[in-house]
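> Since chain A is already given, all that's left is putting chain B on it; use the hints.
Those sequence lines, one after another, are chains A and B.
Per the numbering used here, the first sequence runs over residues 1 to 107.
Per the numbering used here, the second sequence runs over residues 108 to 526.
No lab work stands behind these hints, which were simulated from the structure alone.
By construction, the Cβ of each residue, glycine as well, lies at the ideal position given by its N, Cα and C atoms.
Honestly, I wouldn't trust all of these hints.
To be verified - Computed, partial: chain B to chain A, Cβ under 10 angstroms: (1) Ser217; (2) Gln439; (3) Ala481.
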Amino acid sequence: MPRIVFVQPDGQPVEVEASVGTSVMQAAVHNNVRGIDADCGGCCSCATCHVYVEDAFAARLPAPDAMEDEMLTGTAAERRPTSRLGCQITITADLDGLTVRVPDRQI
Amino acid sequence: MDQDLVIVGGSYAAAQAIASARAAGHTAPIRLISAEPDLPYQRPPLSKGFLLGKVDAAALPIRPEAFYRDNGIDVLLGTEVTAIDRASRAVVTAAGERLRYGQLVLAVGSHPRLPPLPGIDLDGVMVLRTLADAVQLRDRLPAVAAAVVIGGGFIGLEVASVLAVLGKTVTVLEAEERLLGRGAGAPLAAHVAAVHRARGVDLRLRTMAARLVGEGGRVRSVVTRDGATLPADLVVVGIGVTPQTALAEAAGLACTGGIDVDAHGRTADPSIFAIGDCSWHPSPFARRSLRLESVQHALDQAKAAGATIAGRATPYDAVPWFWSDQYDVKLQMVGLTQGWNRHAVRGTAEGGRFSIFYWCDDRLIAIESVNRPAEHMMGRRLLACGARLSPAEAADEGFDLSSRVVRTGNSAPPASSSA
Chain A
1 MPRIVFVQPD GQPVEVEASV GTSVMQAAVH NNVRGIDADC GGCCSCATCH
51 VYVEDAFAAR LPAPDAMEDE MLTGTAAERR PTSRLGCQIT ITADLDGLTV
101 RVPDRQI
Chain B
108 MDQDLVIVGG SYAAAQAIAS ARAAGHTAPI RLISAEPDLP YQRPPLSKGF
158 LLGKVDAAAL PIRPEAFYRD NGIDVLLGTE VTAIDRASRA VVTAAGERLR
208 YGQLVLAVGS HPRLPPLPGI DLDGVMVLRT LADAVQLRDR LPAVAAAVVI
258 GGGFIGLEVA SVLAVLGKTV TVLEAEERLL GRGAGAPLAA HVAAVHRARG
308 VDLRLRTMAA RLVGEGGRVR SVVTRDGATL PADLVVVGIG VTPQTALAEA
358 AGLACTGGID VDAHGRTADP SIFAIGDCSW HPSPFARRSL RLESVQHALD
408 QAKAAGATIA GRATPYDAVP WFWSDQYDVK LQMVGLTQGW NRHAVRGTAE
458 GGRFSIFYWC DDRLIAIESV NRPAEHMMGR RLLACGARLS PAEAADEGFD
508 LSSRVVRTGN SAPPASSSA
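Same shape as in the complex, but just chain A (with noise of 0.2 angstroms):
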């Protein structure tokens, strides 16, 4: 199973194992990473399944579509260019070593 990094805000890294068609919210709220809320459960209506994706991945992800990128402009922490919303990373089998920062709060 493809692995994911989250890196809490205060630099530790969590690795997880994560099932090709989950999503990354999902691969958090299944291993209790600390700091994805993950509110709506993934249907992309709260927002607070905000990370910040490392650069190596970003480019490789596809485009965060138009209601994901709305929502993006209501996280709680500072939107960047990597800001995307866990919920909808579909995870992939070329997608091990994901590494993907939680912000500092989500609400």
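For chain B alone, coordinates are given in the frame of chain A:
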């Protein structure tokens, strides 16, 4: 003194209260008691993606098993609490077991109302609240040709949209003159009605079911009060819920429109809290007490109560927000429309992307967005800071809404925790 925290419930409020109590430093034992057989799970997908087969049961738990294990939570599933013995600080289960508590959280939710109609007990007449309800409904769908949905609220309309997408013949009966009487403003309700009609849903307003007719114990049709007979091999009832107040009432706790609590989610008994769907709570935003049925409410009130339980008294003071997905229409609502007397539309209904702003006199009280997530997110900021905005400004797409957000030093809601 026994400091054990006992939480009764099976969804968002229960799971969040545990997380927030632990995050705020509550180290004493915590016991979760749920009448349902599953760990606390998400209910919103049950009327949407779950029925369509896009979300499976494995994705529903709010927190994984490891969360409860790592936090030292004693989880009792399939266990119904039948009484609270306040004098000896214990809850009594259906099996007669007495479990002592230092502090008790009632996150017991609500249950769907059923109209007292002839035939309501027929096979094929269903409500949707629990995972078990949703599994039953989903498994039945392949054999359904025609369905009648009783009630034009969010649950009924979400189910109607799933049924329509699956190609079923769908009729929605709504007793009032418009949809979403409690959940949305009339202008949004009119748009939602048009969306459903465009998808072929037979939407009948000011129409009530008179009786359900069966054959061999199975529902076959619905007869309306105006005499129409609607063939139906499935009837879904979504006419609202009743808060689960029986436990609290029997224990002598006041229940006005739910279990009465203060700003911290605490009942008149200082060791008992009530949060989520079941709580009748003061809302600084609404400037009155009310009951809310939403994920946001359950989570935010649980955060406040959890922190308070851990000794960090935290008031619950969030602006309510909600969402609903029907077809490809994303509805996002913030604030409460009750009492509005002015409104403005930003964008156009014809374009399918717009927001409706509502005022009570000069006070902006709600924003409902259709496929406009950015305006919804902006709306949350506007309402949280009590922004002043005129209808003309709201309707002008060239007007920068963010210019009206008042920055305060501390805009974070109480006791936010991501534990």
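> If a hint holds in the structure, say so; if it does not, say that too.
Against the structure, the hints:
Interface hint status for Ser217 of chain B: violated, as the beta-carbon distance to the closest one in chain A is roughly 19 angstroms, over 10 angstroms. The closest approach between the C-beta of Gln439 of chain B and any C-beta of chain A is roughly 6 angstroms, which is under the 10 angstroms cut-off, so the hint is satisfied. With a cut of 10 angstroms, the hint placing Ala481 of chain B at the interface with chain A holds, because the nearest CB-to-CB distance is about 4 angstroms.
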